[in-house]
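*Asks:* Residues per chain, in single letters:
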Amino acid sequence: MSDTHELDELLQRATAPHMHFDPAAAIATGRRVRRRRRIATAAGALAAVTAVGIAVTAAVPGSARVLPAGPSRSSAVSPKPTGSASPSATERCFPSDNERGTPWASGTATGSQRGGKVIVEASVRDNCGNDVVGVGGMGGDAQVTVMFKAAPTTAQWVVADAAVLFLPAGERPCGYSFGTELPAATTLPQGNGWNLVIQPVPSDLLRTAAETGTVDICRDGSPVKRGLKQIGWDGPGTRAAANRGVGQDAAQGSGTATTGCDLDNLVGVTLPGAVQWVDETLTVPRAGRLTVDVQLHPGCTGDGHTSSWDPKQGARLEVDLPTVPARAFWDAVWVNDRLTGVFFLPAGEDLCGVDLSPSQPDPTPELEAPQRFSQKDGWTVMVQPLPVVGSPMTPTASFCTGQAVTTTRVAPSS
Amino acid sequence: MGRQRQRELDEEFAEFARSAAPRLLKAAWLICGDAHQAEDLVQSAMVKVYLRWSRLREGSPLAYARRCLLTTHIDSHRRTGRETAVADTPEVGSWDRNWDDTDEVVRLLATLPTRERQVVVMRHYAGLPEAHVAELLGISVGTVKSSASRGLARLRQALHPTLDAHEDEWSAEVREGNHV
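Chains as they are written, first to last, in the numbering used here: chain D, 1 to 414; chain U, 415 to 594.
Keep in mind that the hints were calculated from the coordinates and are not lab data. Just so you know, not all the hints are guaranteed correct.
Derived CB-CB ranges, DEER-like [as the list claims (entries may be wrong)]:
1) Gly-116/D to Ala-477/U: 50 to 58 angstroms
2) Arg-421/U to Ala-151/D: 51 to 59 angstroms
3) Ala-347/D to Glu-549/U: 47 to 55 angstroms
4) Thr-187/D to Arg-469/U: 35 to 43 angstroms
5) Arg-466/U to Ala-184/D: 14 to 22 angstroms
6) Gly-473/U to Gly-191/D: 30 to 38 angstroms
Cβ coordinates follow ideal geometry from the N, Cα and C atoms, glycine included.
Only chain D is shown next, with the shape it has when bound in the complex (with noise of 0.2 angstroms):
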């Protein structure tokens, strides 16, 4: 026999340890990984429901005339996430893995905040908690996407990019709470009875109008419903709660990213105002794409996450957070051959230095140019390639103001 094959004879003769492995927590692990992308898919770019003007026209025909406010849900908070101009397009459910929802309405029309097309699809999930709805940006265009907890039975309605109503047959809008002056609405009969009706809304009334719009709604002329409330107005995650959750907290977080949530326990759970916080994709030069994907899920408790999936596909740092941070933090992830550091950054605050290996009297390398992306809310986040070194290393970074040093030593948040 060769010494080849003795070599495999040997290796196949050697004793490993006892090892284990558990299929089932490889499939928990799947699950939870696919609801963390499915949620972000539907979370999508919901900073993009800001100022960009259309023109004003026509109302709805004959209708569009001015109702009563409803009574203001809305709070100030300071430091709002980014996504968080929509709130009521933030409210979404975790829902369980074994289901993509029964398509239930879909269409097409102009009129997006972006400048392009608004495009809605509706689904029903059965597992889904609580109605969810979702806006998310392609190019020019905006996606919205709605999952229902059941079939509705009667009218529904949301603001996400423009009002998107779910109208029986018959039934139309007759009157918004938050305008009189609107452009042409688009109505498009669905298969099963309903209609889709899409209602572009002027960018300077759009805030007032997720966050407190109401509808009326008539057949045959006559009202059937005054003052309807926009999906999730009154669920578990009311708007309000949402507005009041996001930020007010910030001081119980640990500045880390190690107090998120532990998207497990959030099946079938619907949080208040869990919100995109971060959601940039970059190049790192000469590694490859790095998508950061920040998430805020007032309330809840658990370890963060941070991944790093299919390199083909670029690295991916997600983490999640309860709510906006009291502290700067960071976190290192491989984009192919680079390690590249992740650091948040709240206003006033910058990198000062990372330390590769404590035990150097000089530790501090020179570091590339970072690239930055400024948040609305203030923070800044900083994408920064670090050197690699030889010998295993437990990096650590000092955050400091423009005057002094105000944090020495952070470790990474995974």
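Position chain U relative to chain D; hints supplied.
*Replies:* Chain U in isolation, oriented as in the chain D frame:
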């Protein structure tokens, strides 16, 4: 997707995972030299397989699992800087060795550079053809040949320090079967 269908897919995946795990665990252990890390590697690879199960189930889930295992090993190695755990690295040529000393082979294997170790394990434990190993690792067949040759030469030198150095049949053979 209905619950029933998802349950069926999950059961199918679990069955695959249970049958593939023992040899994947051992391959991972041979590559990384540490049982806990091997468990982590296999767990991570299997999660990735699970995420693509509906597409992989009709194809080659095992090949994908191997690829994930190797990629994750490299990523993990880069991230932690952790070298393979070797309790007692033998001094090359310091004592007479017996080909039957399997523990010794495993320890020696752990002294190889990462890429060479991966190639040797995939070729000589998993029994994969060179072309398959090249595809798994994203390298050329030539690189597989040279890595295998170098790795085996090092092992041979360590195990049989008196053997003629240019006895070069180590990497000449390709065995099929014994798949991880």
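*Asks:* Please go over all the hints and tell whether each is borne out by the structure.
*Replies:* Quick rundown of the hints versus the structure:
| no. | hint | in the structure |
| --- | --- | --- |
| 1 | Gly-116/D to Ala-477/U: 50 to 58 angstroms | violated, 42 angstroms |
| 2 | Arg-421/U to Ala-151/D: 51 to 59 angstroms | violated, 24 angstroms |
| 3 | Ala-347/D to Glu-549/U: 47 to 55 angstroms | holds, 49 angstroms |
| 4 | Thr-187/D to Arg-469/U: 35 to 43 angstroms | holds, 39 angstroms |
| 5 | Arg-466/U to Ala-184/D: 14 to 22 angstroms | violated, 45 angstroms |
| 6 | Gly-473/U to Gly-191/D: 30 to 38 angstroms | holds, 36 angstroms |
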